[in-house]
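Enquirer: Join these two chains into a complex; the hints should help.
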Amino acid sequence: MIVRISLLLLLAALLAFAVMDILVWLAIPVLPHLLTPLGISLLFSGFGLLLITGLLLVTKQVFKSFLDYFSNHQRIQRRLLFIAQKQQEITRLFHLKTDKITYFAELKRKRLLRKNNKKHLRTLSKTINTELFALKNSISDHQFKQLRADHLRYKNSQNIDALLKLQQQITSITRT
Amino acid sequence: MMLLKNWLSQLMVLFHSVKDENLEWQNKNQAQQTKLKHAQILAEDALTAKLKKRSVELEHEISLLKIRHDSELLMFKTKCNQDVKDYEQYLNSLDRLKKSIQGSYTHLPEAVAFTIHHHAKFLLNNMWEATDMEQKMKYEMQLITFMTTVHEDAKLHLEGATSKQLPENTLKLIQQV
Chain A
7 MIVRISLLLL
17 LAALLAFAVM
27 DILVWLAIPV
37 LPHLLTPLGI
47 SLLFSGFGLL
57 LITGLLLVTK
67 QVFKSFLDYF
77 SNHQRIQRRL
87 LFIAQKQQEI
97 TRLFHLKTDK
107 ITYFAELKRK
117 RLLRKNNKKH
127 LRTLSKTINT
137 ELFALKNSIS
147 DHQFKQLRAD
157 HLRYKNSQNI
167 DALLKLQQQI
177 TSITRT
Chain B
13 MMLLKNWLSQ
23 LMVLFHSVKD
33 ENLEWQNKNQ
43 AQQTKLKHAQ
53 ILAEDALTAK
63 LKKRSVELEH
73 EISLLKIRHD
83 SELLMFKTKC
93 NQDVKDYEQY
103 LNSLDRLKKS
113 IQGSYTHLPE
123 AVAFTIHHHA
133 KFLLNNMWEA
143 TDMEQKMKYE
153 MQLITFMTTV
163 HEDAKLHLEG
173 ATSKQLPENT
183 LKLIQQV
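First to last, the protein sequences are chains A and B. Just so you know, we're using this note's numbering here: the first sequence kicks off at 7 and counts up by one. Just so you know, we're using this note's numbering here: the second sequence kicks off at 13 and counts up by one.
Keep in mind the hints are simulated off the structure, nothing from the lab. In this text, all values refer to a predicted model and were calculated from it rather than measured experimentally. We put the CB at the ideal spot given by N, CA and C, even for glycine. Wrong hints could be hidden among the right ones.
[Said to hold, decoys possible] Here are the simulated DSS-like pairs of lysine-lysine, each with C-alpha atoms no more than 27 Å apart in a straight line:
1) Lys110(B) x Lys125(A)
2) Lys121(A) x Lys132(A)
3) Lys124(A) x Lys161(A)
4) Lys110(B) x Lys116(A)
5) Lys106(A) x Lys91(B)
6) Lys110(B) x Lys106(A)
7) Lys121(A) x Lys106(A)
8) Lys161(A) x Lys114(A)
9) Lys78(B) x Lys103(A)
10) Lys142(A) x Lys171(A)
[What the hints assert, rightly or not] Stretch-level coverage of chain A by chain B, calculated; a stretch enters the list once three of its residues show a Cβ under 8 Å from a Cβ in chain B:
11) 87–97
12) 101–109
13) 113–124
14) 145–156
15) 169–176
[Stated by the list, open to error] Not close to chain B: a few residues of chain A, all C-beta gaps over 12 Å, as computed:
16) His39
17) Gly45
18) Phe50
19) Phe53
20) Lys142
Chain B with its partners taken away, still in its complex shape (with noise of 0.2 Å):
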């Protein structure tokens, strides 16, 4: 019994002691602490500043974004309804090309009237569905030689200075194709 109460209170002064230990280091570094605590608490005010003036920026640039956006998405419709109604325009102005063929050359088949026609519209065509800048760029030439080409055939035979009945260079560029 003696043995066990002995045992007993050993444990208490232990159990104390180690408490007394905790309690003196944590007297000793008590300044430390509160330094370590407070430049915690700095820091985390300082980062969250810090981000919520990064929000802050961020907000504007979206705001300026939307704003860019905005006025490139209504250049870039109107530079589109432009592209559709010049095509129309080229398509109709090639049906006036036909008439005009049909008109300057008296006795041109209509074969050949209209095969001028399609072949025009298939340079048109081939110019404003090619994706690569240097094929359009090579379309676009061979639609503004051949339209050339057609109009000094129907000058040269409206003049006279030819004898030919048919637009001869116009079919050559046609054959060439």
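With the rest of the complex left out, here is chain A (with noise of 0.2 Å):
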């Protein structure tokens, strides 16, 4: 309705327009004056029209929009969401929270087998270092030199399979 009124109301500016232009043509003198804020008049109303609408709609909406946000159901939908989301996060925090036991009893078992192995290499190494002073006499001063450097070197570097290695040697050295 409120679009046909002001469809009406630019057809009549146009018309005015139209006349006035006549008029101008056919060389009338004062009517052209009076028509002319006539016919602006009209196309403003029915463009002011059309914009009013446009914002009271645009309005309307808003508002409605702002009713529905606050109504029982959208609050109640909002929630059912909510809780939703809630329980795949509790889910999620579960598997997390595994994985963080996991990860601090594995961390747990590495300091055990460190101090462990620790342990083990002192053993080790003390066997070792007895095993080479009671060769010294029987081997060359470079081969005790190159043994004891082997030793110091694999004792640093916490490397327990070289130190077997080494002791087999010796051992072997020892009943050779």
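Expert: Following this line, the structure appears as structure tokens:
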């Protein structure tokens, strides 16, 4: 309805401008000057009506959305979505906590293993040292220095496998 | 002027007739419109009630889930702590194994005792760190076989049933790997 009225106003404005043009062409003196403001006001009224209607509609929509947002239905729907998301978070948190417990247990185990390895490395190193010094007089200086250097190198790098091989080497030298 | 007046009055008549028609239609369909509005309100209320019920159910499920998770986490933590304690005991028992080998074989070179201990620890760590269940069982069997062989060799040596000065079977197992 409002659109029809504003279109009618625009049409009336166009008609007024057309009549004004004809009057100017016919060289009639006063009337064009009277028709010009009429045409302009009709044009502005048409557009103004459309604009105001649009603004009112937008305001009405915004207000309606605002009321809908706080309506019972949407509040409960939002609550439901919140609870569903909370459920997913709780499940994810459970897996993360499990991973955390596994990580700390593994850390404790590795600490125990490192402590045990250090203890055995010390014992092994002491034994190798004793055997090496017992062998000192039976081997050349160069060989002794080489074996001692190997011993210190493997001890510093905490390489148990290499120390075991060195011990086996010393044992075989002792036997020969 | 008369033409414009006629034109304007015809326009007004048209305007009023449109309005009358609209009013007539509204009157005719008033019952249906009311029925539709009523049905819409009922449907919305039913949906709201359903959503409310579902949210209450979900909240209940969440509280049950929390309780279940808390108890599972506690059990899992206890299990992990127990596993770490078991591992510590395994390491201590391997230390005792080394001492018993050194005690059983009087002239055993220390290198051999250390090698046996190191190999046992290697098998233990393989078993503990394996992620695949099948592999884990395989390493566990290897460790059990190794420990059994060590004990058997020590027992035979102590009983004097063998003249060998070294735990030969144990060393064979180490060389196989």
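Enquirer: Determine for every hint whether it applies to the structure shown.
Expert: Verification of the supplied hints:
1. Lys110(B) x Lys125(A): holds, 13 Å
2. Lys121(A) x Lys132(A): Measuring from Cα to Cα gives roughly 17 Å; hence the hint holds.
3. Lys124(A) x Lys161(A): holds, 10 Å
4. Lys110(B) x Lys116(A): Holds, because 21 Å separates the two Cα atoms, which is no more than 27 Å.
5. Lys106(A) x Lys91(B): OK: Lys106(A) and Lys91(B) at ~14 Å, within 27 Å.
6. Lys110(B) x Lys106(A): violated, 35 Å
7. Lys121(A) x Lys106(A): holds, 23 Å
8. Lys161(A) x Lys114(A): holds, 24 Å
9. Lys78(B) x Lys103(A): Within the cut-off at roughly 13 Å; holds.
10. Lys142(A) x Lys171(A): holds, 19 Å
11. 87–97: Coverage by chain B holds here, the residue count being 6 at a Cβ distance below 8 Å.
12. 101–109: holds (count 4)
13. 113–124: holds (count 5)
14. 145–156: With 0 residues close enough to chain B, the hint is violated.
15. 169–176: Since three or more residues must qualify, the claim that chain B covers the segment 169–176 of chain A holds, with 4 doing so at under 8 Å.
16. His39: Holds: least Cβ distance 20 Å, greater than 12 Å.
17. Gly45: holds, 16 Å
18. Phe50: Non-interface label stands for Phe50(A): nearest chain B Cβ at 21 Å, farther than 12 Å.
19. Phe53: holds, 21 Å
20. Lys142: holds, 18 Å
The structure shown violates the earlier hints numbered 6, 14.
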